[in-house]
Amino acid sequence: MTETQELEQLVKREYKYGFTTDIEQEIIPPGLDEDVVRMISAKKNEPEFMLDWRLSAFRHWQTMTEPEWAHVHYPKIDYQALSYYAAPKSQEELDADAPESLDDVDPKLLETYEKLGIPLHERAVLAGVKGANVAVDAVFDSVSVTTTFKDKLAEAGVIFCSFSEAVENHPELIKQYLGTVVPKGDNYFAALNSAVFSDGSFVYVPKGVKCPMELSTYFRINAKNTGQFERTLIIAEEGASVSYLEGCTAPQRDENQLHAAVVELVALDDAEIKYSTVQNWYPGDEEGKGGIFNFVTKRGDARGDRSKITWTQVEAGSAITWKYPSCILRGDDSVGEFYSVAVGNNYQQIDSGTKMIHLGKRTRSTIVSKGISAGQAENAYRGLVHIGKTASHARNFTQCDSLLIGDQCGAHTFPYVEAKNSTAQVEHEATTSKVSDDQMFYLRSRGLSEEDAMNMVVSGFCKDVFNELPMEFAVEAQALLAVSLEGSVG
Amino acid sequence: MALLEIKNLHAEIEGQEILKGINLTVNAGEVHAIMGPNGSGKSTLCHVLGGRDGYEVTKGTITFDGHDLLEMETEERAIAGMLLGFQHPVEIPGVKNIYLLKEALNAKREAQGLDEVDTFTFMKQVRELVASMDMDDAFLHRGVNAGFSGGEKKRNEILQMLLLEPKLALLDETDSGLDIDALKVVSEGINRMRGAERGIILVTHYQRLLNYVEPDFVHVLYKGKIIKSGDKSLAHRLEAEGYQEILEEAS
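Chains F and R are the protein sequences, given in the same order.
With my numbering, the residue at position 410 of the first sequence is 410, and numbering never jumps.
So my numbering is basically just the index in the second sequence, starting at one, shifted up by 490.
Source of the hints: derived by calculation from the structure; they are not laboratory data.
Predicted model, so just to flag it, every value in this text is computed and none were measured.
Cβ atoms here follow ideal geometry from the backbone N, Cα and C, with glycine treated the same way.
No false leads were slipped in.
From chain R, some residues computed to sit far from chain F (all C-beta separations above 12 Å):
1) H557
2) G603
3) M623
4) K713
Derived DEER-like restraints, expressed as beta-carbon distance ranges:
5) F/K434 x R/T551: 28 to 38 Å
6) R/L737 x F/N467: 50 to 60 Å
7) R/A621 x F/G410: 46 to 56 Å
8) F/N467 x R/V547: 38 to 48 Å
9) F/Q408 x R/I503: 22 to 32 Å
Derived lysine-lysine pairs resembling DSS-like cross-links, with alpha carbons at most 27 Å apart:
10) R/K497 x R/K549
11) F/K434 x R/K592
12) F/K355 x F/K175
13) F/K434 x R/K643
14) F/K434 x R/K586
Work out the full structure, taking the sequences as your base and the hints as a guide.
Here you go:
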């Protein structure tokens with residue numbers, strides 16, 4: 001067997017997180033109309049303004065058509081066949097009893113987190129061990145299950161809670177910021193999310209506060225035939241800073257499941273938001289059956305002068321990824337960064353990248369995108385760098401590298417640049433390389449197994465992005481990459 | 491028992507026979523030089539011994555330290571104590587040199603049932619070796635062979651050998667592309683590895699490396715066969731008379 005054939009074999013892997021948790025769930029019947037939107041809003045005891053917002057989003061969504069420009073192919077989604085709300089039944093009890101004591105959490109749920117291999121420090125948090133330095137919000141299907149460390153964060157003035165709680169306890173902040181970065185009619189999937197989103201995370205860091213710990217949300221789709229529509233809103237006031245990480249997994253199912261999330265970030269003057277994602281939704285099996293459709297809108301508004309927004313993502317899962325975490329660089333001297341590793345194996349399809357919209361003076365953006373394709377995967381980088389008329393002396397640097405494993409996969413790059421100000425400086429570098437037989441032979445002749453050799457080459461390729469991840473998650477990301485490419489040699 | 495025993499080895503690549511019946515025995519404690527003109531099969535022999543895919547052994551046997559070498563994967567050969575020093579070490583961007591050294595050492599230790607090397611001991615050992623190869627510590631934190639000069643790449647190969655302490659070192663044209671200072675450093679590294687438990691095979695084009703590392707045996711490889719073997723004086727003859735004379739004499 002040639003090494004190329006062996007590399008192709010390396011591509012075979014199994015999804016580690018493909019279990020379901022057998023707990024009682026409350027699911028509303030499939031279908032979508034205004035009544036469903038009203039029902040979701042009622043279940044969350046939402047104030048009038050939220051219901052109105054949802055309904056107007058829903059009405060708008062009905063006038064829209066699903067986008068078809070992305071380099072991905074999938075059968076038409078029947079939106080009436082999906083259920084738009086699923087919650088573990090013990091939710092009300094949980095809400096009633098604040099999460100200091102995890103005894104009230106269904107032990108099966110805790111078991112789930114264990115099986116998920118949630119990193120040790122987070123599991124420690126969930127097990128109630130003191131001194132762990134990450135606050136976790138876990139979203140199971142549609143509902144936030146538990147938010148840890150609320151008290152410690154409150155001392156610093158930081159609000160970190162589920163979106164539902166924020167609507168209940170901080171409606172003025174929701175009113176002020178919701179939909180200001182991603183308007184409810186922004187795009188097809190964002191509009192759908194705005195109508196039916198069930199929960200998500202909310203973070204508010206007041207003026208001058210450096211959030212004392214990493215914040216983390218863990219998303220898990222469990223129920224059958226449901227869509228997951230969570231919504232995250234992060235606000236950093238003047239001089240505030242926060243680092244936030246989300247992780248995601250889903251059970252192994254034959255049918256496709258839809259995940260359409262919206263994330264909005266707002267950074268005021270001198271504020272800094274770092275948003276990291278480790279995405280590992282179920283990618284489908286070796287034949288491309290099943291898997292999550294990950295259609296996500298993420299956008300940060302660097303609204304204030306000298307503000308900074310950094311997106312770092314490791315995208316390893318999902319059957320289809322459609323996602324462009326973007327930055328609107330509105331404030332003068334604001335900075336936007338996008339560091340991405342997207343790995344596709346088997347029949348995964350990825351169309352991902354970023355948009356950097358330069359509006360303020362001397363705004364700077366950096367894009368580092370690393371795409372890895374194996375098996376029959378198709379991996380496209382799509383990026384827009386827009387320099388507006390007002391953005392004098394704006395600068396962008398884009399580096400876009402593709403790594404191919406085997407010869408059945410594809411890598412594509414669609415970079416768009418629009419410069420409307422002649423003082424702009426825009427640089428674009430792109431490379432495509434293969435994991436070579438020479439590299440594999442060299443490393444194996446030093447005693448490394450084929451898989452270790454492959455992982456070493458791949459992690460070297462991703463180094464620039466891993467360096468941007470919070471330390472404790474960099475190790476996790478590396479491990480995830482290894483799992484994703486498991487079986488792709490030997 | 492011989493450390494390495496090659497018997498009647500025939501090998502081909504893409505249907506073309508390159509090695510046409512090689513016999514070679516290397517005992518622990520010996521240094522062998524294999525010389526030959528371009529296209530004689532030197533690199534093919536190295537790749538076959540290293541277990542590279544794409545080379546098909548059609549006849550013959552290779553025994554290494556009691557194992558049937560041809561049944562072993564490349565990494566198993568490495569772990570069993572064979573080290574192939576590359577003529578053209580490949581670049582692995584983004585992977586720090588120090589990381590590869592540590593992973594390689596740990597792969598070997600794991601096979602021996604030992605724990606992973608502790609960082610302190612490892613760093614101390616590596617720094618000493620780096621200094622002995624007349625290299626700078628900064629080199630450890632650069633990507634493996636990435637942007638290295640030819641000389642640096644070859645020093646790196648010897649550094650790996652010194653760290654991994656193989657039973658058999660098979661060095662493919664380690665002297666090519668070296669200036670005289672680097673040649674001395676590399677030769678000193680090889681000489682330090684000479685020992686009663688270790689075999690060394692130097693595959694080279696030229697005699698000049700052999701001025702610094704004196705072989706016990708010299709073999710002339712031509713058209714896929716060893717046509718003549720002798721002691722170090724054979725290398726001197728090659729240098730003085732060229733291959734032609736010896737080829738004619740052998741035929």
